[in-house]
Amino acid sequence: MASMSQIEWEPCLLTQHPAPELERRFARETGRPGQLMRFFEGSPWTADTMLRVSVQIMTFVRIDPNLVDQVGLVVSQDNSCRFCFGMQRAFLRVLGTSEKRIARLEQDLLTGDFNPRERAALDFARRVSQSKPLTSASDLVPLREVGFSEEEIVELAGLIGMHLFLNRMSTFVALPPQRMEDFPDHWWMRIIRPLIAVKFRRMRHRSKPVALLDSEKTGPMSAFVNALDGLPMARDLRLMIDRLWGSSSLPPRTVSLLFAVVARALDSTRCQQEAKQMLLEQNFAEADIDQVLTHLSSPILSEIEALLIPLARETVWYQPAQIQRRCAELQSQLPHEQFLDFLGAVSLLNSLCRLGVIVGMRA
Amino acid sequence: MSPWLGAALGAAILIIGVFAWRAERESKLLLRRLKAAASELENLQMAFSRFAPDEVIERIIAEGVTDFGEKKEVMVLFADLVGFTALSENLEPRVLVGVLNGYFERMSQAIGDHRGYVSTFIGDGILAFFGATDPNPWQGDDSVHAALAMRAALADYNRELASRDLPQLLVGIGLHRGTGVVGLVGSQRLKEFAFVGRTVNVAARVQDLTRQFAVDIILTETLKQTVDPSFPMRALPDTSVKGVEKPLAIHALD
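Quick note, the sequences are listed as chains A and B, same order.
Quick note on the working numbering: the first sequence kicks off at 1 and runs consecutively.
Quick note on the working numbering: the second sequence kicks off at 1001 and runs consecutively.
Read the hints as simulated data drawn from the structure, not as lab findings.
No false leads were slipped in.
These stretches of chain A come out as covered by chain B in the derived footprint (C-beta under 8 Å, 3 or more residues):
#, region
1, 260-273
2, 295-301
Pairs of lysine to aspartate or glutamate, EDC-like flavour, derived with a Cα cap of 16 Å:
#, chain 1, residue 1, chain 2, residue 2
3, B, Lys-1191, B, Asp-1067
4, A, Lys-132, B, Asp-1054
5, A, Lys-132, B, Glu-1058
6, A, Lys-132, B, Glu-1070
On a predicted model such as this, the values are computed, not experimentally measured, just so you know.
Every residue, glycine too, gets a C-beta built ideally from N, C-alpha and C.
Full structure from sequences and hints, please.
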């Protein structure tokens, strides 16, 4: 388990640029300061995806929000994301979680005394996050045994996936964690905490089930999106995925290749098959696909793909500083939008490929 | 309200206040101790992580499991310094240790950068595995990339040593693929995360052959079959090694 205070973290790769409209939208929809959006100005898809995911981690249909907040903290710790951990920790403190309770989540997760529902949810969250190997039906048994309904399990998994996206994106660009880490301990914060808590509680809202439209049930990775049908995040995911494959900065075949590589690293048969089918439809020969997936290189790859494919596999399991240095190298070789969209794409693909277990549930 | 009642109430509030203040102070003290203990535990866990992969440590903490093993296909890298014994006799002990530590540091970095796990240092030798810890479909290519990175890192290190008037280092690296058991091996008092099987011995023997063929990196045909054919390799004559029935098909990495 990562010790957050000792995790090596590189300087932030991104500079902030004012993005008034995005900042206002972020603040309006999440109740949090919109400055975060300044980092992602210049990449409409990545900024929009960050915003949508940030809203979705605060939207609940059946699951207990307090449980998911704890899951968010544990997943951030598991992914060694200092930025998200600091953010989630501050969020929990503002909402009234005691320092002692947070310390237990942070330092005593493996042996700590949690109630059975918490223990099952936290263990499941870490299993999905690590995916060594991918979760299977047997990982759902402990959740069912403590009374989680099928709908709650799907929602929990979806929310874990959302947190995984934010963890990766924030880590790859090394968002500065210091401000978030110090935030809850300021004296002035203690005074205004109750006021902010009211605002946060209002933003963290219950939603009614939202069904996908028929037109939203097809497209890349539809098995994953459809498995989340009924949750608001499913509609947002459909939009994010469609826009990713329609991106102006990354050609569809490049996105499909990234999908295939992440799927292979995670040993997801379902995702590998879908990615392979996509590549065949994009006139890739089967032998070329096999060559790329076996050795992460091929003469058929474009110059940009030859850069991105080996790095895509690095995004599956990583040490923060190491991947941040690799991302910094890449940044100097790509246009800004393409760089951010690549990182957003692999973050999203990593999250979705880890959720195969819920596809099986709905099949 | 009578003055006596007011005074009594005031005194009661004061006493409660004092108790509350003491309770708060004690609670803070306990929290500080708890944090210090947790931090110590974290440091211990960090120290442990140098001896075994994170997953193994977590399993030991959570389940108290110490006897476990798993059969896996693993790539083994064995590296040894050529002629270091003779070299060591001509260097001051402190200088020798400094040179050796600098070498280990750079080689470990090159191996770690390519997802290898350094299992142990044996004298001036290094034993590393690829695919022993995390699932890795590219472990064969990773082991070859690591060997090439070690070659480059050693060239850099030799330039540094030359600038300090210190002797140059030469390394021999043997690479092999095979199955074996990974697990915690050892006595109650001393355990290490290890890969047990003939593959390790073969990698060590292949490493020995680098001297015979005057090359720095040799890999076996078994490994070559799984790695990117675009790596610059040339076949060497099949060679018998101790412990293996048939002569081994081997290749030099240029």
